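> The letter at position 48 of the sequence shown is residue 48 when you use full-length UniProt numbering, and the numbering goes up by one with no holes.
Possibly wrong hints are sitting among the right ones.
Said to hold, decoys possible - Below, in silico cross-link-like pairs of lysine-lysine (DSS-like), each with a Cα-Cα straight-line distance of 30 angstroms or less:
no.	residue 1	residue 2
1	232	362
2	362	236
3	362	350
As the list claims (entries may be wrong) - Listed next, with one range per pair, are the computed distances between beta-carbon atoms:
no.	residue 1	residue 2	range
4	260	39	42 to 48 angstroms
5	230	173	26 to 32 angstroms
6	24	281	25 to 31 angstroms
7	364	45	38 to 44 angstroms
8	240	106	34 to 40 angstroms
9	243	49	39 to 45 angstroms
Hints listed in this document are in silico derivations from the structure and should not be mistaken for laboratory results. Computed from a prediction, not measured in an experiment: that's the story for all the values here. C-beta atoms are modelled at their ideal positions from N, C-alpha and C, and glycine is treated no differently.
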Amino acid sequence: MNSDWKQWVYERTAKPLFLSINPETAHHLAQGLLSLTQRVPFAFPILESLTSYSSERLRSKVAGIEFANPVGLGAGFDKTGELYPFLSKLGFGSIEVGTITGQGQPGNPKPRIFRYQEDQALINRMGFNNPGADLAEATLKTQKKNCVRGINVGKTKLVSEEDAVHDYVYSLQKLTPYADYAVINISSPNTPGLRNFQKKENLIQLMQGIRNGLGGKFPIPTFVKFAPDMEKEELKPLLELLPELQLAGVILTNTTIDKTVLSRYPNVEKEGGVSGRPLRQRSTDLIRYAYSILKGSLPIIGVGGIDSGEAALEKILAGANLIQVYTGYVYNGPLLPMRILEFLDKTMKKAGINSISELVGKDRI
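Produce the complete structure using the sequences and hints provided.
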């Protein structure tokens with residue numbers, strides 16, 4: 001059965017169920033079903049074979065890490081690390097766990113995630129709901145690492161901006177032994193004051209403080225994640241700082257607070273960030289701009305509105321070495337990584353291109 005037929009079956013069976021119920025309930029249902037497949041003989045190997053695609057053309061080395069393919073699952077889907085053993089076998093080249101904070105926190109009051117199906121978008125104001133670094137460590141240390149694992153860390157809501165360094169350091173000390181790369185999240189719109197660290201002087205102080213707290217250097221390749229709501233003039237000095245701050249690269253972008261990208265504006269939730277298809281062009285534009293500044297010296301992980309092979313290729317051509325999906329995965333289901341990889345591989349083969357790195361920053365093929 002090729003991927004088109006598999007997707008056709010999914011669209012007419014599981015997808016209507018998941019989109020008919022509350023988004024958080026749907027997420028917990030999916031989590032339960034994944035757990036169930038582990039207990040049913042042969043169920044998980046079958047699921048794995050149905051969702052996986054491999055090709056030597058898709059392998060790449062980024063920040064010194066070997067990736068089987070460029071498609072990762074972005075932070076926010078697996079907030080505890082408990083889903084990693086399942087998700088790592090569903091066709092992804094990497095899984096990013098988190099966001100994890102130093103202290104456990106329940107997040108914002110429910111409801112806190114909203115679908116906008118006509119836009120293939122979500123608004124989320126989850127607020128970093130997670131078990132905290134101690135419990136996340138207890139979960140991760142028992143698992144076998146089947147594919148590249150990133151750990152995304154943020155600031156605990158109750159911790160002041162002045163004490164943020166210690167909070168980040170605590171999480172990184174606990175969790176980096178179980179990860180291939182780390183991400184310092186300073187761009188979520190759902191933690192008050194977090195985006196203040198995107199100001200140049202604040203970024204310098206934060207990153208130097210974290211690095212000093214970790215013994216003078218980051219123990220594993222460490223990325224920083226920026227928001228899409230900055231002007232290019234604001235982003236440029238931050239990008240130019242990355243080598244000095246000893247960061248391995250940048251993730252572009254987080255969710256946007258600009259609700260005008262939605263067709264139902266202004267009749268939408270006032271709080272939270274928009275993800276999904278409406279973010280696609282803005283994210284791609286910032287990736288293209290960042291690539292023009294970095295000139296390939298540091299890798300870019302592209303996120304925002306990736307729901308097809310075409311959207312993934314667009315990000316890579318703009319300058320992304322790797323890409324991540326989240327909202328596209330919610331709407332398109334477990335076959336999305338396979339469909340993206342199949343498209344990329346066929347496109348590369350047709351163009352006579354043998355590696356993802358040959359595509360990065362070409363802007364067109």
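> Work down the list of hints and note, for each, if the structure agrees.
Going down the list of hints, with the structure as the test:
Under the criterion of a C-alpha separation no larger than 30 angstroms, the hint pairing residue 232 with residue 362 is consistent with the structure, at around 21 angstroms. In summary, the hint linking residue 362 to residue 236 is supported, as the alpha carbons are separated by about 21 angstroms, within the 30 angstroms threshold. Restraint check: the Cα-Cα separation between residue 362 and residue 350 comes to about 16 angstroms, which is no more than 30 angstroms; the hinted pair holds. A C-beta distance of roughly 46 angstroms is found between residue 260 and residue 39, which places it inside the suggested range of 42 to 48 angstroms.
For the pair residue 230 and residue 173, the beta carbons lie near 30 angstroms from each other, so the given range of 26 to 32 angstroms is met. Between residue 24 and residue 281 the Cβ separation comes to about 28 angstroms, which falls inside the hinted range of 25 to 31 angstroms. The supplied range of 38 to 44 angstroms is met by residue 364 and residue 45, whose beta-carbon atoms lie about 40 angstroms from each other. Evaluation of the 34 to 40 angstroms hint for residue 240 and residue 106 yields a pass: the beta carbon distance comes to about 38 angstroms.
The given range of 39 to 45 angstroms is respected by residue 243 and residue 49, whose C-beta atoms sit roughly 42 angstroms from each other.
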